[in-house]
Amino acid sequence: MGSNVPEKYKTLIKDDKRIDGRKLDELRPVKIEVGVIPSASGSAYIEIGNTKVLAAVHGPKEMFPRHMIDEDKAVLNVRYAMLPFSTSDRVRPGPSRRSNEISKVTRHALESVICLEEYPAMGIDLTLDIIQADAGTRATAITAASVALAHAGIPMKGLVAATAIGKINDKLAVDLNGPEDNFGQTDMPIAMISTNKNITLLQMDGDFSKEEFKTALSMAKKAIGPLFEAQKAALRKYYE
Amino acid sequence: MTSVKIIPKNDGKTNKDTENIKTDKADIQNKKQSKKIVLPGDILVESIDFLAGYGTYREGKKIYSKVLGLLRDKEHVISVIPLAGPYTPRPRDFIIGEVTYIGYSNWKVNFGYPNDATLPMSGVPEFIENGADLTRYYKRGDLLFAAIDSVTKGGIIQITMKDKRARKLFNGKIINISPPKVPRLIGKEGTMISQIKNKTGCIINVGQNGRIWVKGDNEALATRTIKMVEKLSHKSGLTETISRYLDDGLKKIGTPEKKEKK
Numbered sequence: 005m006g007s008n009v010p011e012k013y014k015t016l017i018k019d020d021k022r023i024d025g026r027k028l029d030e031l032r033p034v035k036i037e038v039g040v041i042p043s044a045s046g047s048a049y050i051e052i053g054n055t056k057v058l059a060a061v062h063g064p065k066e067m068f069p070r071h072m073i074d075e076d077k078a079v080l081n082v083r084y085a086m087l088p089f090s091t092s093d094r095v096r097p098g099p100s101r102r103s104n105e106i107s108k109v110t111r112h113a114l115e116s117v118i119c120l121e122e123y124p125a126m127g128i129d130l131t132l133d134i135i136q137a138d139a140g141t142r143a144t145a146i147t148a149a150s151v152a153l154a155h156a157g158i159p160m161k162g163l164v165a166a167t168a169i170g171k172i173n174d175k176l177a178v179d180l181n182g183p184e185d186n187f188g189q190t191d192m193p194i195a196m197i198s199t200n201k202n203i204t205l206l207q208m209d210g211d212f213s214k215e216e217f218k219t220a221l222s223m224a225k226k227a228i229g230p231l232f233e234a235q236k237a238a239l240r241k242y243y244e
Numbered sequence: 384m385t386s387v388k389i390i391p392k393n394d395g396k397t398n399k400d401t402e403n404i405k406t407d408k409a410d411i412q413n414k415k416q417s418k419k420i421v422l423p424g425d426i427l428v429e430s431i432d433f434l435a436g437y438g439t440y441r442e443g444k445k446i447y448s449k450v451l452g453l454l455r456d457k458e459h460v461i462s463v464i465p466l467a468g469p470y471t472p473r474p475r476d477f478i479i480g481e482v483t484y485i486g487y488s489n490w491k492v493n494f495g496y497p498n499d500a501t502l503p504m505s506g507v508p509e510f511i512e513n514g515a516d517l518t519r520y521y522k523r524g525d526l527l528f529a530a531i532d533s534v535t536k537g538g539i540i541q542i543t544m545k546d547k548r549a550r551k552l553f554n555g556k557i558i559n560i561s562p563p564k565v566p567r568l569i570g571k572e573g574t575m576i577s578q579i580k581n582k583t584g585c586i587i588n589v590g591q592n593g594r595i596w597v598k599g600d601n602e603a604l605a606t607r608t609i610k611m612v613e614k615l616s617h618k619s620g621l622t623e624t625i626s627r628y629l630d631d632g633l634k635k636i637g638t639p640e641k642k643e644k645k
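Residue numbers (my numbering), protein chains in the order written: chain B, 5 to 244; chain F, 384 to 645.
Read the hints as simulated data drawn from the structure, not as lab findings.
Even glycine gets a Cβ: it sits at the ideal position worked out from N, Cα and C.
Which residues of chain B face chain F? A few of them, derived with a C-beta cut under 10 Å, are:
1) SER45
2) GLU66
3) MET67
4) MET126
5) ILE158
6) MET160
7) PHE232
All chains should be modelled from the sequences, with the hints used to inform the complete structure.
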C-alpha cells in the first residue's frame, strides 16, 4: 500500500467486518427499477450501494452508421459514460480511453447471450450512464443492461449479472465499495450468465495467487445469485 | 344453457355430467389466473416430450425461455408470447404505413420497421400504364392500410393493396402501441376490438405493426381505451374490465345518439 493512504482507510477490515459494516462475502444493498425511460424500448435504473446507473435500450432499429452494418445479425452498440457529476472530481464529458474500453468489454459480456441473428442488418443501441460512481461501475452497468434488454423484449439466452471480488488487507471480499477499491490491493470484476454460470467478463486490476483466484471465482459464483434474483424480481414487479 | 358452451372441443368426451363441467370450468379459470410471466433464461420444462416453440430454445433436456413474456403450453408445444419487442413482418399481416418515397414503378412505405416496405405498381388494384404519374394514386405522406405480400430473409418487404380490406386512410388519428400487444387488442375472434368499435361508434383499423387508425366522434375515448388495453394486456378478464371502462366513459360524455340530437 502506498504511503498516501488516509489514516481511517489503513485498516479496511476490523473483526471480519468492513468499513461499511458488511461481512466479507456480503453484497451492498441492491435496488433495481424497470421502465424508467418511457421513450426508450427498454430501460432500467439500478443502485448497488452508492453506485447508481441508468441503462436504456433503443432498437432493434436501422443500423447507423451504415458502414458498420452486418447483413447476418444485429450490431450491439454500447456507450458507457460517467456523467460529469458522478465523482468528486468533475469527469470530462465525451469518450475517453477508459469509457471506450468499458463499452467494448460490456458489449462482449452481453453479445454472447443476445440472439442477435434474429435481427439481421439492424442495430441495438445500449446507453449506460453512470449517475454516481462508487466502485464497480462496469459490473453495475452490466447488471442494469441485461434488465433493460429484457424489458425491451430482445431475445436472450439468459440474464447477465456482474460483481467484483477484491483483495483488501490481504483478505478476499465481495463487491468492493469506493474506499476499498481505491486503497485495497486487487479488484476483479466478473460477469456471469444466469443459466449456466458461464463467465462473459473477467478483468483483474492487481494480483491474486492461484489459490486466491480459485477462491475468488467460487465466491463470485455464490455472490452473483442474489443479483439474478433481484433482476428477476424487478422485471416481474414491473408487470404486476 | 350456458354450461354447454364451456365444454371444450375434446373428442370422446361428449357425455359429461354436470360435475365434470364444473371441474372443467375451474380448470379454465385456473389456467387464466396462472398466466405466468417468464423471463429470459427461465427453465420452462425439463423433458424431451415437449417441443420448443416461439420464444424458447432447447439445451439438452431443458427448454428455456428466450424472451420476457407469457408462457403458453399448447399440445406439447411450449412457447412464450412476448410482452415487449419490435414487430416482425409476416405475410398476410395488415400494416399501417406512410408513403415516404415515389420511384419510377413503386412506392416506399414506412411502417415503423428499419426497412421500408415496397409497394409495386402491380400491387395496386387499378391498371397503371408504364411511365404514368404515380402521385395520382398515392402521394408522399399518404397513409395506407395494406397487406404484406412477401418478406425475404434479407429484409425486403413487399406490400399489396389488392385486398378487400386494404385502403387509403383519410383524416382520423394514429395511435401507436407496442406491437406484441396487438393480438390482445383484437381479442379472441375480434371480441375486444369489435366491442370498442360498437360502443364508441368509431371506425378503427388495426395494423399488426402497432399502429392503429381511429376515426369518429368518440376518438378520445377510443384512444384512452386502446391505451388502457395496452397497459393491462397481461391481465386476465380484460374484456369485462374494458367493457365497464367504456360504459363509464360513455356515461360521462353521453352516448353518440344523444350527442347527435344536441
